[in-house]
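Student: With these hints in hand, go ahead and build the complete structure from the sequences.
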Amino acid sequence: MSTTKGNEHSILGFLTVRQHPELGYLGGFLLVNSLARPLEFHCTLPVKPTRAQSILYGPTLVDFLCGEQIARTLVSKAKLQPVIVFTDSSAVLSLRNVSEIPVCCVSSKKSETASKELLLPPSQQAGVSVGELSGHKILVDGAHRSDWDFVVKRSQELLQQVDLLEPFTRIVEALQEAHPASKAA
Amino acid sequence: MDSAATASDGSAGSYSELELPPEIGFVDMPFRPSWNIEGFATGWQSQIGRDVKIETTLFQPEKVELSSFAIKIPNQKIHTLSFDFPESPQWQIASQAKPPASNPANPDEPGKGATGSIPQRSSAPSSITRIRPPKDLVKLEDRLYYVLQPPLETLVSNAKLEFAFQPFPYQFEGIAFLFSRETAILADEMGLGKTMQAITTVRMLLLANQLRTVLLVCPKPLVTNWVREFRLWAPEIPVAVIEGDSAKRQWMWNQPGLPVRIANYELLMRDREQLQGNLHFDLVILDEAQRIKNRNSTTSEIARGISRCRSWALTGTPIENTPEDLVSIFEFLQPGYLRDGMSLKQMGQATRDHILRRTKDKVLTEMPPKLFRDAELDLTSEQLATYKAAEDEGVIQLSDMGQELTIQHVFELVLRLKQICNFDPVTGASCKLERLEADLEEVAASGQKAIVFSQWVQSLDRMSDVLKRYNPLSYHGRIPSDKRDPILKEFKENPKRHVLLMSYGAGAVGLNLQFCRYVFLFDRWWNPAIEDQAINRAHRLGAAGSVTVTRMLVAGTIEERIHKVLEEKRELFNALFAEAGTPPSLGLNQGDIFGLFNLKVPKAKKAA
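Taken in order, these protein sequences are the chains called A and B. If you're matching positions, the first sequence starts at 0 in numbering that gives the first Met the number 0 and goes up one per residue. If you're matching positions, the second sequence starts at 0 in numbering that gives the first Met the number 0 and goes up one per residue.
Mixed in with the good hints, there may be bad ones.
[Stated by the list, open to error] A few chain B residues that face chain A, going by a derived Cβ cut-off under 10 Å, partial list only:
hint	residue
1	A69
2	I70
3	Q148
4	S156
[Said to hold, decoys possible] With a straight-line Cα cutoff of 27 Å, these simulated DSS-like cross-link-like pairs (lysine-lysine) come out:
hint	chain 1	residue 1	chain 2	residue 2
5	B	K138	A	K182
6	B	K138	A	K76
7	B	K76	A	K78
8	B	K599	A	K115
9	A	K152	B	K159
10	B	K138	A	K78
11	A	K76	B	K76
12	B	K134	A	K115
13	A	K182	B	K134
Derived by calculation from the structure, the hints in this document are not laboratory data. C-beta: ideal position from N, C-alpha, C; glycine also.
Tutor: Dropping the structure here:
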């Protein structure tokens, strides 16, 4: 079977970290091509903060864990380099502090990627709201506003056939497949 | 009396209660209180005057070597799972096919696929159809492959797959169902587009490089229908029909690079050696799969022996007579999955994930209605006399046979009586034909067309003579194959042809005659499923308006008795697909048939 890894200039990353009340944090990272078809998928085993982390990071624990630990690990596992990483959790924006890849948080009023069992973790970092894209509010890390300019510049090319929120639904389902304990009983 | 002093600078002062500094090292330092007490004092005065003994130490940080320890915050190792999904380059290629030639304003030739008479729905469908892995798919990587696919509608639009007509949401669900399954039965009611769903799924699997070779087996009359459907729904896929002499067929079986081959059931027997040789197919589809309901037949055996990865069955009647029909089909899909000893409830539960069945009333609210009109008739005087004599004589004969009575004897009597209900054997009088003539006058006057079904070719021939003024055409088993398509074409295109006389056997499966608004069941079939198939030749996707079905029934005769039994069974037809309940046999069983004449089944027959 002849295959292609896809045009690396049009690879998008969708990364989410979810919190399960018993298991802890689960991260999923999906890379798709410009037709929204999957190329790679990486997910973590359940992650729980250590006692030391809980004490020392205090209110910044969630951002540290989701962005600098889980998200960074997932991005490092990818063989393909995405041009941008979209996330639906503002806690993941701290990934930007440890990664060169632009990161944008897609926010929606009505949570279209909601799952009763896997919740979006609360974040101390609100992110900076920079504008709207495809009808969704976009947040970027405060120190990296240029990420928004990047998205705007490439949106026509990258997002023509991709819905910004739909891939997160797939990731959540994939996490539930990979971790059956995270599904509702 | 309290006084404050700062110990660190050694200034004079006093403490009523001294808190000695902590254990940091001190050097001795003289300390004198600032007040002077003179004279000899006693009691509390002596206490005041007494020198306070304080030991102090000077702390000089620059001379102290501080020690410290670091608390390292270990980060936990985060374990990950990774999966690659190599992308097929064919997805990137937009469809090269030209738009189909069919014009929505002009319906296609008869027997072709969905015609332009389907109301065109605006823009893209609002539903989202996800591809789900089957429950028996265990490997996580395989399950994730399906879970992580975008919605089917997105796949289709992004790959620029063109369709002749916009698929209905339930058809997308059918495609999603087939896409991920190695074994599946698509059991939609006739007329809902099983053909389109199968072809579209094959198209997408070929694009995704999940398939390379497909064999489609269908009844011979439907081969041209399938070729037309492929041309309509997947024009870029080369399709080869296995036909011709032995040498040609052998060449076609072995020709590389043919993604889709179509063969008929009769051919399986003739090319058995080819099929059981080195041939292998990624997918084998059996259309009208009830053809293999007899698992002991050679056709079933050959079909089961074809080397393949995926097995699909398409049938509107997976249970034509008894649930054992379904067991036989599963012997093709997954041998041994269903066992004869299984209870019906167990069978239903086991097959639930492998069968998809939808009915028109559930999924097509925009379909025109199907109107049933039961014509209850009375025999003509000639027919009545003949009928009574035959029935009385026949029942006596059956009763006299005792233990030698077989179901065949009963059948013969039933058939003879039914034939009398159609036509008196001597005079040719027929109450049904009189009614039919009257109805057809109205049909012809309104410019419409009708199909008349009968189980006997002889009855059709008699009708043809009487209905000449409506220019009838006949379509039954005695019509040569090469003449059948032209007959259908003539029926569709010639406005003067108002009636098509069809036998249940020849016309019940696969044909598309959705331009007909009237269906007449001149005599009833044993099994409601076959009648439904016949009716759905007209009431199917593309039907321009409602379809009126007239079921002719002669009161007070064997027909009425059969009708009552079948009505009860019709209500229980879908029980196998319901959550609970035991589905019964769908045709008339032995007890039912003997019961038509109030006869008891001989004991020897029961043991068998």
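Student: Please go over all the hints and tell whether each is borne out by the structure.
Tutor: Hint check results:
1. A69: At 12 Å from the nearest chain A Cβ, B/A69 fails the 10 Å test, so the hint is violated.
2. I70: Hint holds; B/I70 Cβ to chain A Cβ min 7 Å, cut 10 Å.
3. Q148: holds (7 Å)
4. S156: Cβ of B/S156 sits 8 Å from chain A, so the hint holds.
5. B/K138 <-> A/K182: holds (18 Å)
6. B/K138 <-> A/K76: holds (21 Å)
7. B/K76 <-> A/K78: holds (20 Å)
8. B/K599 <-> A/K115: Given pair B/K599, A/K115 is violated - Cα atoms ~61 Å apart, limit 27 Å.
9. A/K152 <-> B/K159: holds (25 Å)
10. B/K138 <-> A/K78: holds (22 Å)
11. A/K76 <-> B/K76: holds (13 Å)
12. B/K134 <-> A/K115: The given pair, whose Cα atoms are some 22 Å apart, holds under the 27 Å limit.
13. A/K182 <-> B/K134: holds (15 Å)
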